[in-house]
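Protein chains in written order, with the working numbering: chain A, 408 to 743; chain B, 408 to 743.
Please keep in mind that the hints were generated in silico from the structure rather than gathered at the bench. Warning: the hint list may mix true and false statements.
As the list makes no split between identical chains, a pair holds if one copy fits it or if it spans any two.
Taking lysine-lysine pairs in the DSBU-like style, the calculated list, with each CA pair at most 35 Å apart, reads [to be verified]:
(1) LYS628 to LYS740
(2) LYS667 to LYS552
(3) LYS552 to LYS637
(4) LYS667 to LYS621
(5) LYS621 to LYS637
(6) LYS552 to LYS661
(7) LYS637 to LYS667
(8) LYS661 to LYS457
(9) LYS621 to LYS740
(10) LYS661 to LYS628
There are 2 protein chains.
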Amino acid sequence: MTASYDVAVIGATGSVGEALVQVLEERRFPLGTLHALAGAESVGQTVSYKGRNVRVREMQTFDFSSVQLVFFAAGQEATAAYIDQARAAGCMIIDLAGGLPSDQAPRVVPEVNSQVLENLSAPYVLTSPSSISVALGCVLAALAKTIAVERINLTACLAVSSRGREGVRELARQTAELLNGRAFEPQLFGRQMAFNMLAEVEASDGQGHGALEKRVANELKELLAQPTLKASINCIQAPVFFGDSLSVSLQTTKTLDIAKVCDVLQHAPALECVEFEDYPTVVGDAVGQDLIYVGRVRAGIDDPAELNLWIASDNVRKGAAINAVQLAELLIKHYL
Amino acid sequence: MTASYDVAVIGATGSVGEALVQVLEERRFPLGTLHALAGAESVGQTVSYKGRNVRVREMQTFDFSSVQLVFFAAGQEATAAYIDQARAAGCMIIDLAGGLPSDQAPRVVPEVNSQVLENLSAPYVLTSPSSISVALGCVLAALAKTIAVERINLTACLAVSSRGREGVRELARQTAELLNGRAFEPQLFGRQMAFNMLAEVEASDGQGHGALEKRVANELKELLAQPTLKASINCIQAPVFFGDSLSVSLQTTKTLDIAKVCDVLQHAPALECVEFEDYPTVVGDAVGQDLIYVGRVRAGIDDPAELNLWIASDNVRKGAAINAVQLAELLIKHYL
Numbered sequence: 408m409t410a411s412y413d414v415a416v417i418g419a420t421g422s423v424g425e426a427l428v429q430v431l432e433e434r435r436f437p438l439g440t441l442h443a444l445a446g447a448e449s450v451g452q453t454v455s456y457k458g459r460n461v462r463v464r465e466m467q468t469f470d471f472s473s474v475q476l477v478f479f480a481a482g483q484e485a486t487a488a489y490i491d492q493a494r495a496a497g498c499m500i501i502d503l504a505g506g507l508p509s510d511q512a513p514r515v516v517p518e519v520n521s522q523v524l525e526n527l528s529a530p531y532v533l534t535s536p537s538s539i540s541v542a543l544g545c546v547l548a549a550l551a552k553t554i555a556v557e558r559i560n561l562t563a564c565l566a567v568s569s570r571g572r573e574g575v576r577e578l579a580r581q582t583a584e585l586l587n588g589r590a591f592e593p594q595l596f597g598r599q600m601a602f603n604m605l606a607e608v609e610a611s612d613g614q615g616h617g618a619l620e621k622r623v624a625n626e627l628k629e630l631l632a633q634p635t636l637k638a639s640i641n642c643i644q645a646p647v648f649f650g651d652s653l654s655v656s657l658q659t660t661k662t663l664d665i666a667k668v669c670d671v672l673q674h675a676p677a678l679e680c681v682e683f684e685d686y687p688t689v690v691g692d693a694v695g696q697d698l699i700y701v702g703r704v705r706a707g708i709d710d711p712a713e714l715n716l717w718i719a720s721d722n723v724r725k726g727a728a729i730n731a732v733q734l735a736e737l738l739i740k741h742y743l
Numbered sequence: 408m409t410a411s412y413d414v415a416v417i418g419a420t421g422s423v424g425e426a427l428v429q430v431l432e433e434r435r436f437p438l439g440t441l442h443a444l445a446g447a448e449s450v451g452q453t454v455s456y457k458g459r460n461v462r463v464r465e466m467q468t469f470d471f472s473s474v475q476l477v478f479f480a481a482g483q484e485a486t487a488a489y490i491d492q493a494r495a496a497g498c499m500i501i502d503l504a505g506g507l508p509s510d511q512a513p514r515v516v517p518e519v520n521s522q523v524l525e526n527l528s529a530p531y532v533l534t535s536p537s538s539i540s541v542a543l544g545c546v547l548a549a550l551a552k553t554i555a556v557e558r559i560n561l562t563a564c565l566a567v568s569s570r571g572r573e574g575v576r577e578l579a580r581q582t583a584e585l586l587n588g589r590a591f592e593p594q595l596f597g598r599q600m601a602f603n604m605l606a607e608v609e610a611s612d613g614q615g616h617g618a619l620e621k622r623v624a625n626e627l628k629e630l631l632a633q634p635t636l637k638a639s640i641n642c643i644q645a646p647v648f649f650g651d652s653l654s655v656s657l658q659t660t661k662t663l664d665i666a667k668v669c670d671v672l673q674h675a676p677a678l679e680c681v682e683f684e685d686y687p688t689v690v691g692d693a694v695g696q697d698l699i700y701v702g703r704v705r706a707g708i709d710d711p712a713e714l715n716l717w718i719a720s721d722n723v724r725k726g727a728a729i730n731a732v733q734l735a736e737l738l739i740k741h742y743l
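Next up, chain A with everything else stripped away, as it sits in the complex (with noise of 0.2 Å):
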């Protein structure tokens, strides 16, 4: 007999709580009981699992006594009202929000640090990344075999899905109507996104940072454990359905051999580095696919020790849903 787990998906109607159930499924998670979990608003609906329709229930109302691992979905909010309940009840949790401090539940990719895994302790609370930090963590902890990066700068060009359905919907109706000659009003994102850059995905700070911006700079420091790292992140909103394209140009210590750093990239997990001549996109490449995509590989133009270079991932599914069931793998092996 074959140990299963009863689990609970909150957030389960959003797009990264269904993209979770089809990888729980895909990845023949040893799944008991799958409770598919959101807000009141949602109760009704259903997802679907091994092809049955699992019925959507309120969160508010959920025993999570009733389960064993906990996937958080549903924004920070949401984790912030539940976890205590589930922590109290003894579920494994992983959270995907991101609001969690890191001594508590500390930020693990597998391919970057799966040693964390090795000294928790119960609570067994873990926090899947951003996607941005999922995809530039796997190609900079490939790269820390043969470089040393002192300095990170990122423009990270963001599509509309990380607003989850409604950043999907609104991209359309705007192009739809643009294309057809007619006036809008924006109803998300403040202003005409379709055929538009937006300089950044979210209110600012006082000091002008957004908390996605912050939040990958600490990601990155601790999923590499390099507390002194100098990072420079900046988060754009582009008119673009399904995908993160991060474009990266790094510092190191040494002048670079390009060959070298373009076989590690070829030999790591989880990626795939596109030849010279070509190069990858979101649309035709990364989307749908597990593969973190890495082209543009260069030196600088002005300093022979600057490694320029070109990601695109899925923002859903490999930045979210793989890595959070990935975590929920590591949880089990380790500890039930």
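Keeping the supplied structure of chain A fixed, place chain B upon it in accordance with the hints.
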């Protein structure tokens, strides 16, 4: 009597050529006869100048001795093919294609290095830099009053209009096909441009750099007279019709006074600095305007000597046409 000058615009039917003619009219350039020139395929078209339709003529048979000033706005091949004739005829020349060596055709942005105009000798040939260098150059020249920039990290998200009218048509076509659920073959860009970000705007050289990326790095050093400046220039293609969106991170020598930086930017020529709670975008702010819009001015998350900012600028109008006409005005003032 006011002096007036006969002018040829080579590439008059392109989007930059059309904007040039419009800006000549708007700025009341002292123009005698306007010669609108283009390749044989455009002969028979007209361009509008002061309410009249000017017939487009073939550049191949043009007599350059009939004008005093020539704008080359038809790409590097056309400049290479006809510049000797224009020079031999004693014309003043503004090249927008960027293929001429800087000792023969210095790159000038009036707000940055107009002092170059004081020491020219015939033949008078100036290069109007790429739209990216015009926008970023104006910002860097303003900043030079208060900070010393040692390294530039730029990710430039270019509109499809950087590929002329064909680029605009192709994005519109691809978008319409997708929204109508129809498959399509890319006719430009080599792949899906609609709802996608492309890692490069042209084929890369043997080291992985694009020609525009190298051009911008060189132009910035020349404009700022700072040959040791280090520049990481990453040009990517966005599904946007008009306007450059620049994500910029600058490394400087000292802890920044952000209030001072904002003050300097607010009072600089050609710049509009958008206050903290807001930010500019190409749609709604920059496109169609003569100003370069700056926003999200902030220090680094990890480095108080790092300056991050965002620039939105009209690539065709401010980035090309206005700068070129300003250069012509300066040439006339100094040497005619």
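Okay, the hints, checked on the actual structure:
| no. | hint | in the structure |
| --- | --- | --- |
| 1 | LYS628 to LYS740 | within (26 Å within a copy, 56 Å between copies) |
| 2 | LYS667 to LYS552 | within (10 Å within a copy, 42 Å between copies) |
| 3 | LYS552 to LYS637 | both (19 Å within a copy, 26 Å between copies) |
| 4 | LYS667 to LYS621 | both (31 Å within a copy, 24 Å between copies) |
| 5 | LYS621 to LYS637 | both (12 Å within a copy, 26 Å between copies) |
| 6 | LYS552 to LYS661 | both (14 Å within a copy, 32 Å between copies) |
| 7 | LYS637 to LYS667 | both (24 Å within a copy, 24 Å between copies) |
| 8 | LYS661 to LYS457 | neither (51 Å within a copy, 59 Å between copies) |
| 9 | LYS621 to LYS740 | within (32 Å within a copy, 51 Å between copies) |
| 10 | LYS661 to LYS628 | both (21 Å within a copy, 24 Å between copies) |
The structure fails hint 8 only (numbered hints given earlier).
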